[in-house]
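Below, each chain spelled out in residue letters.
Number of protein chains: 2
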Amino acid sequence: MLRKIDTCFSPALYEPEQHKGSVVIIIDILRASSAICTAFANGAAEIIPVSGIDEARDYKNRGYLVAAERDGYVLDFADFGNSPFNFTFEKVSGKTIVYSTTNGTGIIKLASDAAIIAVGSFLNIKALLTWTGNQDKDVMLFCAGWKNRFNLEDTIFAGALASELIKTGKYSTICDSTLAAIDLWKLAENDPRAYIEKSAQRSRLREKKLDDCIDFCLSTGFTEIIPVLKNNSLVSLNY
Amino acid sequence: MLRKIDTCFSPALYEPEQHKGSVVIIIDILRASSAICTAFANGAAEIIPVSGIDEARDYKNRGYLVAAERDGYVLDFADFGNSPFNFTFEKVSGKTIVYSTTNGTGIIKLASDAAIIAVGSFLNIKALLTWTGNQDKDVMLFCAGWKNRFNLEDTIFAGALASELIKTGKYSTICDSTLAAIDLWKLAENDPRAYIEKSAQRSRLREKKLDDCIDFCLSTGFTEIIPVLKNNSLVSLNY
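Sequence lines, in order, name chains A and B. Heads up, the first sequence is in the numbering used here, so the first residue is 1 and it goes up one at a time. Heads up, the second sequence is in the numbering used here, so the first residue is 240 and it goes up one at a time.
Bear in mind the hints are in silico, worked out from the structure with no lab data behind them. A few of these clues could be false.
Okay, the calculated bits of chain A under chain B, using three or more residues with CB under 8 Å as the criterion [said to hold, decoys possible]:
{"hint": "1", "segment": "27-33"}
{"hint": "2", "segment": "197-206"}
Cut-off 27 Å, straight-line C-alpha distance, at most; resulting in silico cross-link-like pairs (DSS-like, lysine-lysine) [claimed, not checked]:
{"hint": "3", "chain 1": "B", "residue 1": "K425", "chain 2": "B", "residue 2": "K409"}
{"hint": "4", "chain 1": "B", "residue 1": "K406", "chain 2": "A", "residue 2": "K4"}
{"hint": "5", "chain 1": "A", "residue 1": "K167", "chain 2": "B", "residue 2": "K425"}
{"hint": "6", "chain 1": "A", "residue 1": "K126", "chain 2": "A", "residue 2": "K186"}
{"hint": "7", "chain 1": "A", "residue 1": "K147", "chain 2": "B", "residue 2": "K348"}
{"hint": "8", "chain 1": "A", "residue 1": "K186", "chain 2": "B", "residue 2": "K406"}
{"hint": "9", "chain 1": "A", "residue 1": "K20", "chain 2": "B", "residue 2": "K386"}
Even for Gly, the Cβ is constructed at its ideal location relative to N, Cα and C.
Excised from the complex, chain A in its bound form:
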């Protein structure tokens, strides 16, 4: 039987009970899911996602390395924010990182009832597709969006994954969000950078001079690592 693919455009639209048996792919391209993939590629041992600022501060007070931002800005108590370029080998290798972001980390909590929760980005897309295709489960592509709103960059990535999974012949979809994501990816795939030039997050990052990482976040094949949630922490499958 064909497995199904669903896509969720916002945390406010997520229906946990629908995806208990699914692989949920966490998508926050600019920048949390790209940063998480980078951290593991650079040897991070574990990432503890936390939704709240107070919880993140509490971890900091207990001596943890903390990455935390809101609206792109590093929180005052944190060691660094959520640019993937912060998660260097020197800073993260072998370390446990506590991580809290505006959108991305919250959806990991929302999805925590699912069978498998993995983090996806263009950086690990190739490995992610192979691995996902081997799970023999329905797939939920969970876009973080921006403050509960739909965003383009997460959607085109969901469309890229859905297109490739359907090409394997193992999946189908009757989800309008997935169909829209696939169509938008078709418009974007020749030049994703140009396509998301119009997106709101692109403008936000440019205004805050935080857009230096966009080319990197859209590059594929950077890592084979797939971050997955185990016991409320993200760890690398390939660890």
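Following the hints, position chain B against chain A.
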């Protein structure tokens, strides 16, 4: 100053406080907003939108003409459901209709704080564009979706409106939902019927043999009437 266009894909994503000064266009192409436009074109005096089934039943008991459906099926106490073909001149001319549907009528209530609330469909798109462009207000394109989920048919209609409004030179958008809707409309505009063939609602209506109205719901120029909300009832602007 350019007026802005926002698009909301689901009742669950609507932010009432953001749109108090806006024209909100209510969009539920298959089938509530098409049915409402048809009712007024056929002379209905007033449509009272109600969200709940009990409220609709109560109106029926008080002698009102009631159109009510859930998941496409006419409710047992109702006079008819929400196919536009139900709202004939013989049935609705001069009448007050109480109307309750799965998705469309609920969003009218959600939007009720906005400056102006109007109902849009392909049937009245031409008049709607002219009128909206003359309001000198920001525009919110509010898609009913399906049970809080994104749907394609409402989205392409939002994209059609946004594309045309931007062409007037009076509007711009930095809303990713609007940008996506415009891109999807570009894919659909040559043949909207073929484009929505893949949509979930298309399948649902086909399975229930309720798809006879789709060609009609996608036809443009059927009426010049613009239904607007006044004192919790829809009336025709051109009345």
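Results of checking the hints against the structure:
no., hint, in the structure
1, 27-33, "violated (count 0)"
2, 197-206, "holds (count 5)"
3, B/K425 - B/K409, "holds (20 Å)"
4, B/K406 - A/K4, "violated (39 Å)"
5, A/K167 - B/K425, "holds (24 Å)"
6, A/K126 - A/K186, "holds (18 Å)"
7, A/K147 - B/K348, "holds (23 Å)"
8, A/K186 - B/K406, "holds (24 Å)"
9, A/K20 - B/K386, "holds (20 Å)"
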